[in-house]
Amino acid sequence: MAKKAEVKELLEAGVHFGHLTRKWNPNMAPYIYMERNGIHVINLYKTVAKLEEANEALSKIAASGRKILFVATKKQAKDIVAEKVANVNMPYITERWPGGMLTNFVTIRKAVKKMASIDRMKKDGTFNTLSKKERLQVDRLRAKLEKNLGSISDMTRLPGALFIVDTMREHIAVKEAQKLNIPIFAMVDTNSDPRPINYVIPSNDDASKSINIILTEVTNAIAAGLEERKSEKQAEKEGVAQETAAPSKAEVVEKVEEEKAVTAKAPKEEKAEAPKAKDTPEQVKDDAEVISEKKEKPEAKKAVKAESDDLTKIEGIGPKAAEALSNAGIDSYAKLAKANADKIKEILTEASSRMAHLDPGSWPKQAKMAADGNWDELQDWQEKAKGGVE
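The numbering of the sequence shown is the working numbering, which starts it at 1 and goes up by one.
Hints in this document: simulated from the structure, not taken from any laboratory.
Built from N, CA and C at the ideal position, the CB exists for glycine as well.
Mixed in with the good hints, there may be bad ones.
As the list claims (entries may be wrong) - In silico DSSO-like links for lysine-lysine, alpha-carbon gap of 30 Å or less:
hint : residue 1 : residue 2
1    : K365      : K179
2    : K320      : K230
3    : K110      : K123
4    : K147      : K75
5    : K123      : K133
6    : K147      : K179
7    : K147      : K132
8    : K60       : K384
9    : K313      : K46
10   : K78       : K67
11   : K368      : K335
12   : K123      : K74
13   : K144      : K132
14   : K132      : K113
15   : K74       : K132
16   : K50       : K343
17   : K60       : K313
18   : K132      : K78
19   : K60       : K133
20   : K132      : K230
21   : K237      : K313
22   : K335      : K345
23   : K179      : K144
24   : K123      : K75
Unchecked claim - Estimated spans, in silico, between C-beta atoms of each pair:
hint : residue 1 : residue 2 : range
25   : G373      : A29       : 31 to 41 Å
26   : V41       : K74       : 14 to 24 Å
27   : A49       : K233      : 28 to 38 Å
28   : S117      : N374      : 49 to 59 Å
29   : A111      : N89       : 37 to 47 Å
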């Protein structure tokens, strides 16, 4: 486990320095220790406690395999974030925040793919067939995309969390994360509003030393989470290797004996069925009808099952939402009844940002009624409630 930050280290790095008292945000009052020479001083004991809480949460997110997007476009933080975050292989934004980076993620991904297509052009020789002017234009476009989006080229889906340096400057990123219910971790100074932030780290977000020490602690926690994930995967591989190991000699002998017993019984069964060839035409006709009935029964059962698992009968679930849930393994009323609303929301958002507005809070309750066969009760509930529409 990484060494925890101490108050003395934070004090030496100037993490306690806030802004002028006239620029303060009253919501930061619980994190302010005192006022000295017209400047607010941050309570470092609370900073340490909040930093430990944030590190624990970030470690869990990293261990789950989700990405954490770091956002810091101010001059003091750019180089520090790029250096520290690259070591743990996480995405980061240090240039201008592209509008719709999260809420219009599909379009951002298209721009990243454009960058990859230009690289392919250079490899397969297509780039050399262009005129000099066209090559220059393509090179400029590639450089621009690399500068703004190169650090997020590996982020194929919405991040599991955001870490922000200076929430006042990155207010657009905060709003986008709030819309999509993405957890926000942030260094919050005395002039910022801590209310929209899920994990507040009260600290000086202007000094490079302060930013450096906080980022070091945070990236160490993420590295610990990644190491934990790596060890878990290694343990799983070893377990699978043991299960798929070659069978013992005794098991092979037992299997051969079973196969011999089955082949010895097979001729007797064929002889017992032989006299049926002398059946009368009426009996043959009756047997054909029985066989056709048996074939029809499984189809009928399948039809009933398909109808009972039609998730679109739940108020608020459209065809696209139903498809996203089925792809995630929630393809029956019973499974939907047991599912967590937050997990459902995450599945829908990952499938398409257009479904991020859906409210699945009542879906498990409706699914429980459907699974129990209480269709009248479900219909009454849906008539009274205001259902969302995909």
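Evaluated hints:
Distance hint between K365 and K179 is fulfilled; the C-alpha atoms sit about 25 Å from each other, no more than 30 Å. Between K320 and K230 the alpha-carbon distance is near 34 Å, which puts this suggested pair outside the 30 Å criterion. For a cut-off of 30 Å, the pair hint linking K110 to K123 stands: about 20 Å separates their Cα positions. For a cut-off of 30 Å, the pair hint linking K147 to K75 stands: about 15 Å separates their Cα positions.
For the given pair, K123 sits about 19 Å from K133 by alpha-carbon distance, which is consistent with the 30 Å threshold. This hinted pair checks out: K147 and K179 have alpha carbons roughly 26 Å apart, not beyond 30 Å. At roughly 23 Å between alpha-carbon atoms, K147 and K132 fall within 30 Å of each other, so this suggested pair holds. A threshold of 30 Å between alpha carbons decides the hint, and for K60 with K384 the separation of about 41 Å lies outside it, so the pair is violated.
The straight-line distance between the Cα atoms of K313 and K46 is roughly 50 Å, outside the 30 Å bound, and the hint therefore fails. Proposed proximity of K78 and K67 is supported: the alpha carbons are some 19 Å apart, at most 30 Å. Between the alpha carbons of K368 and K335 the distance comes to roughly 9 Å, so the proposed pair stays at or under 30 Å and holds. For the hint pairing K123 with K74, the CA-to-CA distance comes to about 36 Å; that exceeds 30 Å, so the pair is violated.
Distance restraint check for K144 and K132: the Cα-Cα separation of roughly 19 Å lies within the 30 Å cut-off, and the hinted pair is therefore satisfied. Between K132 and K113 the alpha-carbon distance is near 23 Å, which keeps this suggested pair within the 30 Å criterion. Using a Cα cut-off of 30 Å, the hinted pair K74 and K132 is violated, with the two alpha carbons roughly 36 Å apart. Only pairs whose Cα atoms come within 30 Å are accepted, and K50 paired with K343 is accepted, the gap being roughly 26 Å.
Proposed proximity of K60 and K313 is contradicted: the alpha carbons are some 36 Å apart, above 30 Å. Under the criterion of a C-alpha separation no larger than 30 Å, the hint pairing K132 with K78 is inconsistent with the structure, at around 34 Å. For the hint pairing K60 with K133, the CA-to-CA distance comes to about 50 Å; that exceeds 30 Å, so the pair is violated. Proposed proximity of K132 and K230 is contradicted: the alpha carbons are some 47 Å apart, above 30 Å.
Pair hint K237 plus K313 does not hold up; C-alpha atoms about 41 Å apart against a cutoff of 30 Å. Restraint check: the Cα-Cα separation between K335 and K345 comes to about 15 Å, which is no more than 30 Å; the hinted pair holds. Restraint check: the Cα-Cα separation between K179 and K144 comes to about 28 Å, which is no more than 30 Å; the hinted pair holds. Simply put, K123 and K75 have alpha-carbon atoms about 35 Å apart, too far for the 30 Å limit, and the pair is violated.
Distance hint check for G373 and A29: the Cβ-Cβ separation is about 55 Å, which falls outside the suggested range of 31 to 41 Å. At roughly 22 Å, the beta carbons of V41 and K74 sit within the given window of 14 to 24 Å. Restraint check, A49 to K233: a C-beta distance of roughly 32 Å satisfies the suggested window 28 to 38 Å. At about 53 Å, the beta-carbon gap between S117 and N374 stays in the expected band of 49 to 59 Å.
At about 21 Å, the CB distance of A111 to N89 disagrees with the hint of 37 to 47 Å.
Comparing the model with each earlier hint shows violations of hints 2, 8, 9, 12, 15, 17, 18, 19, 20, 21, 24, 25 and 29; every other hint is respected.
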